[in-house]
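Chemist: Here are the chains, one letter per residue:
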Amino acid sequence: METLILIILGIVVAPVLGGLISGVDRRITARLQSRFGPPILQPFYDVAKLFGKVKVINNFWQVFCAWVYLIAAALSVGLLFAQSDLLLIFFVQAIGAVFLVMGGLASPSPFSQVGAQRELIQVLTYEPLIILVFASIFMVTGSFRIDEILNYDQPLLVKLPLMFIVLGYALTIKLRKSPFDFSTSHHAHQEIVKGVLTDYSGPYLGIIEIAHWYETIFILGICALFWHTSLVGVVVLLATTYFAEILIDNTMARMTWRWMLKYVWSVGLAMSFVNLIWLHAG
Amino acid sequence: MLKKFIDNSRAKSPWIMHFDCGSCNGCDIEVLACLTPMYDVERFGVINVGNPKHADVLLVTGTVNPRNAKVLRNIYDQMPDPKGVIAIGACGLSGGVFRECYNVLGGIDKVIPVDVYVPGCPAKPEAIIDGVVAALAKFEGLKG
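So the sequence lines, in the order shown, correspond to chains A and B.
So for the first sequence, the numbering used here puts the first residue at 1; every next one is plus one.
So for the second sequence, the numbering used here puts the first residue at 283; every next one is plus one.
Bound-form chain A, shown alone (with noise of 0.2 Å):
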């Protein structure tokens, strides 16, 4: 019973506060300009003025898509704040990733098809490295069920430090901010219309920007595993990831798919090597 409830209360509050979070991610990226930039709550009237527009569809798998992205990215979420298995979480937002692709692949848009290749290739970069954070968290604690980790004493960023800078990398290509926002990004870099999203329009876009802020939540929410023995420790590590995260944002240019590929990978993989390395010796 106590479950279900973290599960609704999850997929109800996660896309408040992930808008909320895209609004804030907003200002603070106008204030870094100089500019005054959008009210806090601008995310919800865009996506309010979405669902209030015209429907116009290619086909029907790409309705279908948007709502099993949305749909899994919900479901990562409650089961997130069910504190269920970290690997079934892994895969069910795995799912919503692979139907982002596949609903930009239904349309026979040019712009649409590259970005869909594009997210394909940030999703092979992004979830190796999001499966060595788990199976490094799993080397700690013990137990890939979050409730367990909890029980545990100390703080994981003391013993996997090097894997929260990799879990960051995901969060960088999760979030589509740059360097590594070529399947789409949300500011006027536009030189392929809009990518993976090209094809969605009025309400299905509003699906997709709310099946995006789930996904903030869940990432964030995976961060949050790293110092989960305060709450103070819990936001402040947030809080300084995402604002280094938005200053990221403001001071990288885009990359090529390929510099990422190599990049990330390299420098992912050599630290999760080096951070397993050091806690089986330690």
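No wet-lab data here; the hints were simulated from the structure.
Glycine included, every Cβ here is placed at the ideal spot set by N, Cα and C.
It cannot be assumed that every hint is accurate.
Every beta carbon over 10 Å from chain B, so not counted as near; a handful from chain A, in silico [to be verified]:
| no. | residue |
| --- | --- |
| 1 | 45 |
| 2 | 51 |
| 3 | 54 |
| 4 | 131 |
| 5 | 142 |
| 6 | 152 |
Below 27 Å or equal to it, Euclidean Cα-Cα: the simulated DSS-like pairs (lysine-lysine) are [claimed, not checked]:
| no. | chain 1 | residue 1 | chain 2 | residue 2 |
| --- | --- | --- | --- | --- |
| 7 | B | 406 | A | 55 |
| 8 | B | 294 | A | 177 |
| 9 | A | 55 | B | 420 |
| 10 | B | 294 | B | 406 |
| 11 | B | 406 | B | 420 |
| 12 | B | 285 | B | 420 |
| 13 | B | 420 | B | 392 |
| 14 | B | 420 | B | 352 |
| 15 | B | 294 | B | 420 |
| 16 | B | 392 | B | 352 |
| 17 | B | 286 | A | 55 |
| 18 | B | 406 | B | 392 |
| 19 | B | 285 | A | 55 |
| 20 | B | 420 | B | 286 |
| 21 | B | 286 | A | 177 |
| 22 | A | 55 | A | 159 |
Some but not every residue of chain B turned toward chain A, in silico, with C-beta under 7 Å [unchecked claim]:
| no. | residue |
| --- | --- |
| 23 | 295 |
| 24 | 332 |
| 25 | 333 |
Based on the hints, put chain B in the right spot on chain A.
Modeler: Leaving out everything else, chain B in the frame of chain A:
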């Protein structure tokens, strides 16, 4: 209540897209100037999108001729309702000094319905922002 929120949001989040029907680049540059941090139109929720399927407001500059009329019409048709169109500059309004040319059709409104006209040669960024705000009045009108 939800409907009211959606209607209010429409006026707070106009995503714009601009299309240049072959102007002298003057108006086009002024449109881009609007999007710079100096004017900071994102304060009003304006985002510049490159995709007609995401756009709410279409900014059109330059003279329409039989060739680009097809493109303009296509872009307009791809925007989901409710949408607004703003014609910018003397050329967009009436054809300007090119009005009598054999290949110039006249104003933008010969091809697609226009909601707001922003005069000027070129139109000032302030005037263009004013035009976008005036176009939002059309979305406000949908409330009733």
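Chemist: Which of the listed hints are broken here?
Modeler: Hints 1, 2, 3, 7, 21 and 22 not satisfied by this model.
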